[in-house]
Amino acid sequence: MLTDPAALQTGLDLFPNGISRYAIGGIFVGLGAVVIYVATGISAGASTFLESTLSYVSGQSRFQRYVASRDWRLVFTFGIVAGAAVYALAFQDGGWGAYTTDVDAWRLLLGGVLVGVGTRIGKGCTSGHGVCGVGSASRTSLVGVATFLLVAIGTAQLVAALGVTP
Amino acid sequence: MSNTDRHPLFIPVILVGGLIFGFGLGYSHMARPEVVLNFLQFEDFGLVFVMFGGAAVTGVAYAVAPRLLDSAPLTGDDFERRLKSFDRNVVVGGAIFGAGWGLSGICPGAAYASFGIGNVTILWALAGMFIGAYAQGVWRSRTHDADPATAGAD
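For the record, the sequence lines run as chains L and S.
0 is the number of the first residue of the first sequence in the working numbering; add one for each residue after it.
24 is the number of the first residue of the second sequence in the working numbering; add one for each residue after it.
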């Protein structure tokens, strides 16, 4: 029996850019979290930085719980920025700064506001819930990931159906 | 733990961890909102390998580290899994985050990395994230301060 070429093509189209960049990148993301966890016992997440950094400039009581961790969270985020810069300098086509997004500014700004509210109320983002929480087999994180994935898929499909591209 | 009690390698290890983490976000193209939107629109499922690849690596560490070591060498803290209490906020916040992620194609860690690769346009998203985090902080500070019974609940 020959495999139906059309079906094979459909299978390949699930990953039009291959999987190696995603799998290798994901392993590095996990390794970064593991280095911190094994050395310090801390499960690092990216979104807490937003509130911990606001504690430098705001006296709101909500942010005060992050005063003790705000300095290392600043270092963690600086590391993320610098690590991505190393990637761009070494591997990105055209080098550092060769890519800028074509997604509309209003989508980035409004989406960013919702991300800022939602990650903090929902106790985590794609790194805290998605990488560390799922790695911990946390039921809370599995529910969190399922919720934000499904809503994000629905939102992105709706926006695309309304003809907003990119 | 006060800052002066910290192991001298604490901050350097955080920096190295962040560097590896950010390199991975750049390499995986998660720093590009278009790639995330392509996933959410079912045009490229590669993101699954990023999130679950990362979770598989951390999963090994969460399982193995407590068996090999009594406590974390730089802090003396116990190795605990990342377990947060479940309540309505997880679903409500997750849905709000999902709407924002689906609209913009960017999440916090990827936004920091996107700035790192020189995508200055992402500053719109970063500004939005700080505005959103500030708004919920003001609102929760008021509701918690007004009702002592909920203070400290998270």
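Check the hints yourself; a few may be wrong.
If you only want the chain L side, here are some residues facing chain S, beta carbon under 10 Å, derived [claimed, not checked]: (1) Y36; (2) S42; (3) F62; (4) R72; (5) F77; (6) I79; (7) V80; (8) A84; (9) A89; (10) F90; (11) I120; (12) K122; (13) G132; (14) G134; (15) T154; (16) G162.
Which residues of chain L face chain S? A few of them, derived with a C-beta cut under 7 Å, are [to be verified]: (17) A32; (18) I35; (19) V56; (20) G58; (21) Q59; (22) R61; (23) Y65; (24) V66; (25) L88; (26) T118; (27) L161; (28) V163; (29) T164.
What the simulated footprint calls covered on chain S by chain L, stretch by stretch (three residues with Cβ under 8 Å from a Cβ of chain L suffice, anywhere in the stretch; the number is not a length) [as the list claims (entries may be wrong)]: (30) 95-106; (31) 115-126; (32) 156-163.
Simulated from the structure, these hints should not be mistaken for lab results.
Just so you know, these numbers come straight off a predicted model, no measurement behind them.
Just so it is clear, CB atoms sit at the ideal spot from N, CA and C, and this is done for glycine as well.
Going through the hints against the structure:
1. Y36: Hint on Y36/L: holds, closest Cβ of chain S at ~6 Å, below 10 Å.
2. S42: holds, 4 Å
3. F62: holds, 5 Å
4. R72: holds, 8 Å
5. F77: holds, 7 Å
6. I79: Because about 3 Å separates I79/L from the closest Cβ in chain S, which is inside the 10 Å limit, the hint holds.
7. V80: holds, 4 Å
8. A84: With Cβ-Cβ at 4 Å, under 10 Å, it holds.
9. A89: With a minimum Cβ separation of about 9 Å from chain S (threshold 10 Å), the hint on A89/L holds.
10. F90: It holds, given that the least Cβ distance between F90/L and chain S is near 7 Å, below 10 Å.
11. I120: holds, 3 Å
12. K122: Holds - the Cβ of K122/L comes within 10 Å of chain S, reaching about 5 Å at its closest.
13. G132: With Cβ-Cβ at 5 Å, under 10 Å, it holds.
14. G134: At 3 Å from the nearest chain S Cβ, G134/L passes the 10 Å test, so the hint holds.
15. T154: holds, 3 Å
16. G162: Not OK, violated: G162/L not within 10 Å of chain S, min 13 Å.
17. A32: OK, holds: A32/L within 7 Å of chain S, min 5 Å.
18. I35: holds, 4 Å
19. V56: violated, 9 Å
20. G58: violated, 9 Å
21. Q59: holds, 4 Å
22. R61: OK, holds: R61/L within 7 Å of chain S, min 4 Å.
23. Y65: violated, 10 Å
24. V66: violated, 11 Å
25. L88: Violated: closest Cβ of chain S sits about 9 Å from L88/L, beyond 7 Å.
26. T118: holds, 5 Å
27. L161: violated, 11 Å
28. V163: violated, 9 Å
29. T164: Because about 9 Å separates T164/L from the closest Cβ in chain S, which is outside the 7 Å limit, the hint is violated.
30. 95-106: Coverage by chain L holds here, the residue count being 11 at a Cβ distance below 8 Å.
31. 115-126: This one holds; 12 residues, not fewer than the three required, reach chain L with a Cβ under 8 Å.
32. 156-163: Holds, because 7 residues of the region 156-163 of chain S bring their Cβ atoms closer than 8 Å to Cβ atoms of chain L.
Taken one by one, the earlier hints fail for this structure at numbers 16, 19, 20, 23, 24, 25, 27, 28 and 29, listed in ascending order.
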